[in-house]
Amino acid sequence: MAMTVKKRTGGLVLAIWLFTVGAGRAEPQADFVLVVNAENEVTTISRKDVELIFLNKQRSWPDGKNIGVVINENPKIYESFSHTVLRRSSSQFLVFRKKMLFRGQGMPSPTLKTDKDVIVFVTEHVDSISYVSPDAVTPAVKVVSILQ
Amino acid sequence: MNILCSIRCKIWACGSVALLIYLTATLATTWVNNETKVSIIHVQRIDLPLFSQGVLVNSLFVSQSEQYENGLLTGEQGEIDHANMLHHQIAPLLDELVRLVNTNHHDLSSRILSLRDDYNNYFVMASQYYMEAVQKDDIFASRNEIHQLGKLQAGLSADFKQVAGSLQEMTNEDLEKNNQRIDFYTRFLSIVFLLFLIVAVVVINWLANKEIIAPLGKIKRMIADFGRGSAIEKPQGSANGDEIQELANSFWQMTCELQRITVSRDYVDNIINNMSDSLIILNPDLTIQTANQATLRLLNFPREELEGSSFRNIFSHHEKAVIDSLVHGFLEGKGVANFEAYYTGYDEQSVPVLFSASTLYFPDGTLQGISCMARDISELKEQRDNLEFLANFDKLTGLPNRNLFLDRLAVTVNEARRYGHLFALFYLDLDNFKFLNDTYGHGAGDLALQEVAIRLQETVRDSDTVSRIGGDEFAILLNRVQDTGEATIVAAKILDIMGKPFLIQGNQSILGISIGICLFSPEITSVDDLIKNADMAMYAAKAQGRNRFVFSFLDQV
Numbered sequence: 001m002a003m004t005v006k007k008r009t010g011g012l013v014l015a016i017w018l019f020t021v022g023a024g025r026a027e028p029q030a031d032f033v034l035v036v037n038a039e040n041e042v043t044t045i046s047r048k049d050v051e052l053i054f055l056n057k058q059r060s061w062p063d064g065k066n067i068g069v070v071i072n073e074n075p076k077i078y079e080s081f082s083h084t085v086l087r088r089s090s091s092q093f094l095v096f097r098k099k100m101l102f103r104g105q106g107m108p109s110p111t112l113k114t115d116k117d118v119i120v121f122v123t124e125h126v127d128s129i130s131y132v133s134p135d136a137v138t139p140a141v142k143v144v145s146i147l148q
Numbered sequence: 001m002n003i004l005c006s007i008r009c010k011i012w013a014c015g016s017v018a019l020l021i022y023l024t025a026t027l028a029t030t031w032v033n034n035e036t037k038v039s040i041i042h043v044q045r046i047d048l049p050l051f052s053q054g055v056l057v058n059s060l061f062v063s064q065s066e067q068y069e070n071g072l073l074t075g076e077q078g079e080i081d082h083a084n085m086l087h088h089q090i091a092p093l094l095d096e097l098v099r100l101v102n103t104n105h106h107d108l109s110s111r112i113l114s115l116r117d118d119y120n121n122y123f124v125m126a127s128q129y130y131m132e133a134v135q136k137d138d139i140f141a142s143r144n145e146i147h148q149l150g151k152l153q154a155g156l157s158a159d160f161k162q163v164a165g166s167l168q169e170m171t172n173e174d175l176e177k178n179n180q181r182i183d184f185y186t187r188f189l190s191i192v193f194l195l196f197l198i199v200a201v202v203v204i205n206w207l208a209n210k211e212i213i214a215p216l217g218k219i220k221r222m223i224a225d226f227g228r229g230s231a232i233e234k235p236q237g238s239a240n241g242d243e244i245q246e247l248a249n250s251f252w253q254m255t256c257e258l259q260r261i262t263v264s265r266d267y268v269d270n271i272i273n274n275m276s277d278s279l280i281i282l283n284p285d286l287t288i289q290t291a292n293q294a295t296l297r298l299l300n301f302p303r304e305e306l307e308g309s310s311f312r313n314i315f316s317h318h319e320k321a322v323i324d325s326l327v328h329g330f331l332e333g334k335g336v337a338n339f340e341a342y343y344t345g346y347d348e349q350s351v352p353v354l355f356s357a358s359t360l361y362f363p364d365g366t367l368q369g370i371s372c373m374a375r376d377i378s379e380l381k382e383q384r385d386n387l388e389f390l391a392n393f394d395k396l397t398g399l400p401n402r403n404l405f406l407d408r409l410a411v412t413v414n415e416a417r418r419y420g421h422l423f424a425l426f427y428l429d430l431d432n433f434k435f436l437n438d439t440y441g442h443g444a445g446d447l448a449l450q451e452v453a454i455r456l457q458e459t460v461r462d463s464d465t466v467s468r469i470g471g472d473e474f475a476i477l478l479n480r481v482q483d484t485g486e487a488t489i490v491a492a493k494i495l496d497i498m499g500k501p502f503l504i505q506g507n508q509s510i511l512g513i514s515i516g517i518c519l520f521s522p523e524i525t526s527v528d529d530l531i532k533n534a535d536m537a538m539y540a541a542k543a544q545g546r547n548r549f550v551f552s553f554l555d556q557v
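Line order of the protein sequences matches chains A and B. Using this note's numbering, the letters of the first sequence map in sequence onto residues 1 to 148. Using this note's numbering, the letters of the second sequence map in sequence onto residues 1 to 557.
These aren't lab readings, by the way, just hints derived from the structure by calculation. For glycine and all other residues, C-beta sits at the position ideal for the given N, C-alpha and C. Hints may be right or wrong, so weigh each one.
As the list claims (entries may be wrong) - Pairwise CB distance ranges (calculated):
1. A:L55 - B:K161: 24 to 30 angstroms
2. A:S90 - B:M85: 29 to 35 angstroms
3. B:Q128 - A:R87: 35 to 41 angstroms
4. A:G64 - B:E66: 44 to 50 angstroms
5. A:S89 - B:Q128: 29 to 35 angstroms
6. B:Q128 - A:S90: 28 to 34 angstroms
7. B:S63 - A:R87: 29 to 35 angstroms
8. B:M85 - A:A30: 43 to 49 angstroms
9. A:S89 - B:H82: 25 to 31 angstroms
10. B:H82 - A:S90: 35 to 41 angstroms
11. B:L56 - A:L55: 43 to 49 angstroms
12. B:I40 - A:L55: 24 to 30 angstroms
13. B:Q128 - A:G64: 33 to 39 angstroms
14. A:D63 - B:M85: 45 to 51 angstroms
To be verified - Using 25 angstroms as the maximum straight-line C-alpha spacing, the simulated DSS-like pairs for lysine-lysine come out as follows:
15. B:K161 - A:K98
16. B:K151 - A:K57
17. A:K57 - A:K98
18. A:K113 - B:K136
19. B:K210 - A:K76
20. A:K98 - A:K48
21. A:K65 - A:K142
22. A:K116 - A:K142
23. A:K65 - B:K151
24. B:K161 - B:K177
25. A:K142 - A:K98
26. A:K99 - B:K151
27. B:K532 - B:K542
28. A:K65 - A:K76
29. B:K136 - A:K99
30. A:K113 - A:K98
31. B:K136 - B:K151
32. B:K220 - B:K234
33. B:K161 - A:K99
34. A:K48 - A:K142
35. B:K220 - B:K210
36. A:K99 - A:K76
37. B:K542 - A:K98
38. B:K151 - A:K98
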């Protein structure tokens with residue numbers, strides 16, 4: 001399933017190629033999984049798109065709704081997520097987030113301390129996206145595969 | 001009251017016009033300079049401070065934002081303090097900007113006012129929340145407030161940049177206006193100066209021409225007219241005019257006075273040209289400078305040929321030696337008076353004149369010329385010749401009269417005594433003249449006498465003298481005869497020719513003649529004796545029957 005995503009900068013529409021069977025290669029086992037609300041139709045997403053979403057450069061889902069990014073400050077997976085997906089150190093990502101916050105760019109992302117809090121928040125917010133430990137996943141959320 | 005009553009006033013009037021126009025131009029220049037100065041002062045006191053302070057406050061705000069950001073990123077509380085300290089510079093600068101921006105830039109003024117208020121509000125929150133975030137070491141704890149502050153900061157940053165840009169733009173606009181204003185003033189002053197220059201030239205030229213040049217031109221024409229001898233009109237204008245008018249009046253009065261007290265050249269020329277005597281003015285080189293009409297009439301010379309020619313040309317050739325002595329005398333300053341000479345006319349005819357000359361000198365003593373007066377004495381000379389003729393010749397027959405005959409006889413006697421010559425004296429008397437005169441009248445008698453004179457002259461030589469002594473008496477002086485034989489031959493010829501009839505008034509008459517002859521001898525002591533002897537011989541011939549000749553006693557002796 002294909003879906004376009006509106007960019008904030010320049011109003012560009014970024015097409016997110018949703019996963020279709022046999023269309024991509026599944027991510028190997030990692031320290032975290034990407035989760036969205038169970039009602040979200042997205043099943044796969046490219047690493048680049050995830051990077052753009054978390055760096056506040058891609059802000060809407062293909063259906064036009066705003067993407068609600070949730071930062072999981074669980075140190076274990078925070079570090080892994082920064083390194084694996086954003087290709088940055090956790091401190092670099094932290095500075096980026098502070099700068100974004102200081103400059104008032106984008107919307108301030110909710111920052112939660114535990115996987116459980118994240119699961120609850122994602123469950124309650126349809127357009128949210130975050131990452132949690134694989135063993136913390138519940139049926140209330142949907143795991144989205146990351147395509148390299 | 002006429003303010004242009006003197007040349008000084010007129011010159012001052014011209015100068016005042018120039019000065020007035022100069023002052024007006026100076027005032028215009030001063031006004032333009034003042035306007036330029038005001039605009040430059042505006043740029044100096046308003047635009048440039050606004051521009052520099054706008055740039056400064058923008059850079060201070062950027063520094064403050066960076067220090068806030070650094071403080072939040074690093075957690076350094078000192079950065080936040082430094083950022084807060086910058087507020088003490090930014091706020092006064094904003095107040096100064098508000099003060100400097102005048103009401104002419106209402107939009108910019110309101111924007112700066114709004115910026116100041118927004119900044120102050122922002123600073124109140126920023127100083128609080130940023131410090132709290134640093135102190136808590138969790139920026140995300142108050143992420144909504146900080147995010148909101150970030151938006152405010154971004155907006156303020158844009159506003160600061162915009163205000164700084166607007167101030168720079170305003171300064172550039174004012175500078176550009178100044179440039180345009182200066183260009184306009186430059187053109188304005190150029191046109192004003194040119195107009196003033198034209199006005200000054202026209203007005204001064206008109207004034208100078210009307211008040212000075214034209215009146216002087218009138219005087220110049222008056223002088224030229226006076227120099228030509230033309231009549232001069234009394235100059236127009238009031239008696240209380242300026243110096244030029246006074247000069248014109250004085251000149252006119254002078255000409256009137258001169259006309260009154262001096263003789264005009266026309267008058268003198270008129271006198272000279274109407275003189276009956278010839279007047280010639282010679283140059284020092286003795287060429288003829290000018291001559292009057294009487295000279296031209298006398299010599300029948302064209303004026304153009306006479307004037308410039310040599311003074312010697314008008315004298316007869318035989319007078320050259322005399323003229324040379326006259327010229328020599330002229331050059332020594334000597335004149336001549338009443339000298340009889342002969343002018344030679346254009347047709348080479350001599351004219352007797354009574355010539356006088358005197359030298360003319362310049363005041364410095366150098367020779368100016370020679371004035372030559374000549375009076376035509378042709379008639380006088382003719383009358384004198386006639387008188388001389390009447391004194392010595394018989395008017396009827398043209399023969400020498402008794403006086404001349406006696407004079408020649410005396411000369412002949414003297415020569416005969418000196419050189420031993422002989423000569424014969426014939427005394428002749430017509431025999432029947434009284435009868436002829438009484439019969440045919442005195443006119444016939446005169447004709448007969450004239451015929452007798454002709455016949456007697458035909459019988460003698462040119463060197464001999466035939467004279468009518470008086471009435472019907474004649475005498476003949478035969479020069480240089482050798483003896484009585486030569487006298488006898490002549491006497492016979494006389495009797496022969498007188499024996500021929502005279503045709504008098506259509507009538508033929510025979511006139512006999514009695515001749516007494518006396519030959520000169522040294523014994524004869526006086527002319528009277530000689531005549532007496534001849535006369536006695538003539539009466540002897542009459543007594544012997546007339547129409548014959550008789551030698552006197554002395555001869556016979």
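If you check each hint against the structure, which ones fail? Of the numbered hints given earlier, those the structure breaks are 4, 10, 11, 12, 19, 25, 28 and 37, listed in rising order.
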